[in-house]
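Student: With chain A's structure known, arrange chains B, C and D on it following the hints.
Protein chains in written order, with numbering that gives the first Met the number 0: chain A, 0 to 332; chain B, 0 to 332; chain C, 0 to 332; chain D, 0 to 332.
It is worth saying that the hints were derived from the structure and are not from the lab. We put the CB at the ideal spot given by N, CA and C, even for glycine. Just to be clear, a hint being listed does not mean it is correct.
As the list claims (entries may be wrong) - Computed Cβ-Cβ distance ranges for the label pairs, DEER-style: (1) ALA245(B) <-> ARG18(D): 49 to 55 angstroms; (2) THR188(C) <-> SER291(B): 52 to 58 angstroms; (3) MET83(B) <-> ARG5(A): 29 to 35 angstroms; (4) ASP242(D) <-> GLU35(C): 49 to 55 angstroms; (5) GLY293(A) <-> ASP242(B): 26 to 32 angstroms; (6) MET83(B) <-> ASP261(A): 20 to 26 angstroms; (7) MET83(B) <-> THR240(C): 47 to 53 angstroms; (8) THR188(C) <-> ARG276(B): 24 to 30 angstroms; (9) GLY330(C) <-> ASP174(B): 52 to 58 angstroms; (10) GLU286(B) <-> ASP261(A): 21 to 27 angstroms.
Claimed, not checked - Covered stretches of chain C, going by a simulated chain B footprint (3 or more residues, C-beta under 8 angstroms): (11) 11-19; (12) 154-166.
Number of protein chains: 4
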Amino acid sequence: MNTFGRNFRCATFGESHGRAVGVVIDGCPPGINLTEADIQPYLDRRRPGKGPLESARQEPDRVEILSGTFEGRTTGAPIALIVMNRDQRSGDYNTLRDLFRPGHADYTWQVKYGLRDHHGGGRSSGRETLARVAAGAVAVRSLAPHGITIRGRVVEIHGVTEPEAMEAEIRAARDAGDSVGGIVEVTATGCPAGLGDPVFGKLDAAIAGALMGIGAVKGVEIGEGFGAARLFGSEMNDPITADGFASNRAGGILGGISTGQDIVVRIAVKPTPSIRRVQRTVDIAGEEREISVGGRHDPCIAPRIVPVAECMLALVLIDAMLEQAKYRGFGER
Amino acid sequence: MNTFGRNFRCATFGESHGRAVGVVIDGCPPGINLTEADIQPYLDRRRPGKGPLESARQEPDRVEILSGTFEGRTTGAPIALIVMNRDQRSGDYNTLRDLFRPGHADYTWQVKYGLRDHHGGGRSSGRETLARVAAGAVAVRSLAPHGITIRGRVVEIHGVTEPEAMEAEIRAARDAGDSVGGIVEVTATGCPAGLGDPVFGKLDAAIAGALMGIGAVKGVEIGEGFGAARLFGSEMNDPITADGFASNRAGGILGGISTGQDIVVRIAVKPTPSIRRVQRTVDIAGEEREISVGGRHDPCIAPRIVPVAECMLALVLIDAMLEQAKYRGFGER
Amino acid sequence: MNTFGRNFRCATFGESHGRAVGVVIDGCPPGINLTEADIQPYLDRRRPGKGPLESARQEPDRVEILSGTFEGRTTGAPIALIVMNRDQRSGDYNTLRDLFRPGHADYTWQVKYGLRDHHGGGRSSGRETLARVAAGAVAVRSLAPHGITIRGRVVEIHGVTEPEAMEAEIRAARDAGDSVGGIVEVTATGCPAGLGDPVFGKLDAAIAGALMGIGAVKGVEIGEGFGAARLFGSEMNDPITADGFASNRAGGILGGISTGQDIVVRIAVKPTPSIRRVQRTVDIAGEEREISVGGRHDPCIAPRIVPVAECMLALVLIDAMLEQAKYRGFGER
Amino acid sequence: MNTFGRNFRCATFGESHGRAVGVVIDGCPPGINLTEADIQPYLDRRRPGKGPLESARQEPDRVEILSGTFEGRTTGAPIALIVMNRDQRSGDYNTLRDLFRPGHADYTWQVKYGLRDHHGGGRSSGRETLARVAAGAVAVRSLAPHGITIRGRVVEIHGVTEPEAMEAEIRAARDAGDSVGGIVEVTATGCPAGLGDPVFGKLDAAIAGALMGIGAVKGVEIGEGFGAARLFGSEMNDPITADGFASNRAGGILGGISTGQDIVVRIAVKPTPSIRRVQRTVDIAGEEREISVGGRHDPCIAPRIVPVAECMLALVLIDAMLEQAKYRGFGER
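Just chain A, with the same shape it has in the complex:
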């Protein structure tokens, strides 16, 4: 289940400390302008080690297109994107070989597979998102000629919403050897009405599945989201006028189908589980131990999740666009 999408299918691969991470995109429409320069900026935004508050891993993360384009345009053939790993430093992780880090997938992975690549989380590492971002950047590029743009931002950190206060929360957590969570909002503008398929292919269902599948995300809401549970119907329903909807409490989706308004999604990001503060855990033999997770870790992962969330939304939208195009294309003869 490392494959995403029905029409624009992405198969990702690669471990945090292996030789490479990458993705094969099967189903990208032909004729789209695409070079490495369209993808690299998304990887750069996602890349750690850019600021004092972020993880110190130094990877250039240069993407290469191995197939699927010809003279700068997509051909309809599968697009393979690859990023070689350089800074593997797996020695850092030997102390963690036999310990389950609280809040991580270490324990569940061990139970599931009976073995696990403990170097930086292996496949369950945040580095896996690099492949999603590369694929998502191609999706963004494919959506652009249709006038669709996607933009995310951090809207809350540890309960505060002012930019400066958010940064202070992160700094304080880091100084305490701790971490904090936050909320990211992503908005897609320019989507046509009619995307999404009842009853199990609803656009909001697809978005929720895609965004909840990002590591560290514990909640997804659309439009008013959990706030809708506290409203009257007469408040929640967006009135319809001759000029369109008078409000957008629905967040751009009604009955699982896009309305043509902005699609607005918020996700809850839990605090980074890797912290210096001492925690209780057990080792692989079941013995109780204490653990302090050192190394390069962001005290708040929300800012780096922004491009990942944008890219996952782009993957959902290109997939829905292609699904919808199918019936339009069939109708014309």
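Tutor: Positioned in the frame of chain A, the structure of chains B, C and D alone reads:
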């Protein structure tokens, strides 16, 4: 996209005011005891018209098993379940033929398909959930011998959490010709650790997609959910002890894989969009109109969503159980 | 795996001697004229008991549309088609309860599922094809406005190719308590060039999978087929002229993509395995036994496979049309 | 549609004259011993340029495992395999830029995508099979501990069946600037009974789809195949004895499910379409032209298809094994 599941595949069909609704389940394991009596109670719980606060539609909703069982046990062949519609009263809806009801899929459906069955919402009606519930009841039955049980309940209505106060909120909304939203919590007990597949088949991603796809749901959260955004890592991480996890803020899922603890999910349910209070809308010609939606409608849909949410969670879990069984079964030779 | 198709998805159900057989079609385009009268003739052509050489089972096989149409047109919602079983006479089969019929799926089904509905083959009966034919008739109806027609015929029976001689072979086999095989050819006319997707979604691959999946089929060939193995390249290659291809040895498909010429497929149909002549077998306890299969069985199944093969080809083509439409629809903005 | 398999999913990529070809395998069971040395021999067998009768392209075709193994064993994470292209010599193909080669996908590809990578066929080249073979070698490795082995051979060339005569046919064709077709037989030994899923997931249907999808294949038959059309039922049915089946005319599959006997499949391979002999064609403007295809081309492709066919059969079998394991694994609790 009326098909759900990879291994336990459900294809649902039927319109609110057509001849029947039903589902074909392809992939149910053989040898499971199953009769109509296992399914009917779930339909009865979901059925409207049981109390003074609920919709008055009178349907017996008797399920029939058309195929897939032999002498009271599943055979591995597809199980077709059908419920004939009786109380069709489509005349009620003629006044709505040319109006888009705010908060409903009327507008988006029209844009998408260019035509629409206006009788009670057609395929986008809440009656579609009947097929999900029938399929889910088979999933519940299949999970039972593995010790897995699922139970949902309403935990909040219009911001209040006391049972009596919740009921009062619904009553007040009804009397005002309005409606209210709420929050439903569903818990699965007895799940083995190891369910769920990285990176796009994560258990939480599948749950979020399944539950967000229920009509009227605007948010999904697991464990601490949106509350996790306001915690420190040292608070959010569940300590691991020799007796297992010391808490369950994760909601039973780490890294997209079940931990063996209870899986706890909450969903935000918006207020029923059909209300008597007058709202602004347009007709199919784009002319501004006023609308008051009469007829049989619950002032709060949250209670009736409880069995639907349980059943969707059951469908996700049986699918994950089968996926996981694949590798266990393969390993044994 | 009772589900067929990527875009025009058919989930079939029903046992030979159960209550009903049917299919749910998910993904049929909206706006297609469709009533029971479009489907019934295909079921009538497939139905046994029409002539002296065919099985005597008397079933009216009346199809009902339960959902997915509104005022005589498809709506885009799933189409459920059902045929109730009448003439169940399962008593006929009690003598076969514990015997594995040679050439049938009895033995393999028992090994696979550990239990089996022995009434007339249960799910592995030829009656299962009724659901395929019903779905295929909808596909035929959907292809018609695009100018695509499909026609099959028996071209060989037991090595002879003259119609009268073919009939004589069948009659002689019946009189001897035996059965004979044959070859069916199916041709699709009017297909546009460009259908089919490299490298695993090739049109010929999809056709071969679909037709080999019909019970009793042991071979599939396209165009020159096995004859191509005996040709020079200079004979096999169809020359291209200003007026199009000068011949059609390729059978309408090159590189897995349709050329716009007729698509020509032949399938090898084995002799009906149910014969009166005594055969060696074992019972469920592994004891050696003799068996003579009485009851209603065609001495040659090839004629009745003709509409089934037509319908399977129609299902492959509508699926490929929708897949192809996706990229055409996307390109237009 | 560059993705194959339900459980052991392979996404292939790469053009004949691009930077690399490769495959991502998603769903390989964990714990299987796997190094490059397990895969390389299959690529070597498939590689051209080994004998005087084969194409002269010189590629080392060294496979690299980029992900999915840890300390020499599979981890359950996706396995990325890559082969860099060295000998690209795309200059050879410039003369073919605007001509459609008869018997090739040039024309259909142009119609489908509106553009095409003319360098050696791009994605439709035989070089694409390299990725299938790499994936298939992993499947072979996964099947081995279950006692399943697969072996193919050329059984007929241009109508002759003696090894020396077959070689003479190829030599004569080459000397005449022409090419010849042939028949390849593949046998799987050691398969358990019970593989394959009714009614659309039948093992023979999956095999037919997989093998017909190899370029140049025009027919597939199982067991007696087309010969079955010329038999009586009393000849075709394999008698069952206390020691098992007394013959194997079914080719190891009954009712779409494996019997436990050898699975025997034959495919018809058309003559290589690239020939020096002059043929009629048109250019991209529709003008009639003559064409003589020079360069490195095998006069008979059948011998090189042997490992490809073995590998496709291995991919079908591992997929069916995993599907079957699902229900066995689920049943044990």
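Student: Now look at each hint and say whether the structure bears it out.
Tutor: Do the hints match the structure? See the list:
As the Cβ distance of ALA245(B) to ARG18(D) is approximately 51 angstroms, the hint placing it in 49 to 55 angstroms holds. Checked against the hint of 52 to 58 angstroms, the C-beta distance between THR188(C) and SER291(B) comes to roughly 56 angstroms, which is consistent with it. One distance hint, 29 to 35 angstroms for the beta-carbon pair MET83(B) and ARG5(A), holds here, with the actual separation near 33 angstroms. At roughly 52 angstroms, the beta carbons of ASP242(D) and GLU35(C) sit within the given window of 49 to 55 angstroms.
As the Cβ distance of GLY293(A) to ASP242(B) is approximately 27 angstroms, the hint placing it in 26 to 32 angstroms holds. For MET83(B) paired with ASP261(A), a C-beta distance near 42 angstroms fails the hint of 20 to 26 angstroms. Separation of MET83(B) from THR240(C) is about 60 angstroms and departs from the stated range, judged on CB atoms against 47 to 53 angstroms. As the Cβ distance of THR188(C) to ARG276(B) is approximately 59 angstroms, the hint placing it in 24 to 30 angstroms is violated.
The hinted range of 52 to 58 angstroms is satisfied by GLY330(C) and ASP174(B), whose Cβ atoms lie roughly 54 angstroms apart. At roughly 26 angstroms, the beta carbons of GLU286(B) and ASP261(A) sit within the given window of 21 to 27 angstroms. Judged by the Cβ-Cβ criterion of 8 angstroms, the stretch 11-19 of chain C is covered by chain B as claimed, because 7 of its residues qualify and three suffice. A stretch counts as covered by a chain when three or more of its residues have a beta carbon under 8 angstroms from one of that chain; for the stretch 154-166 of chain C and chain B the count is 0, and the coverage is violated.
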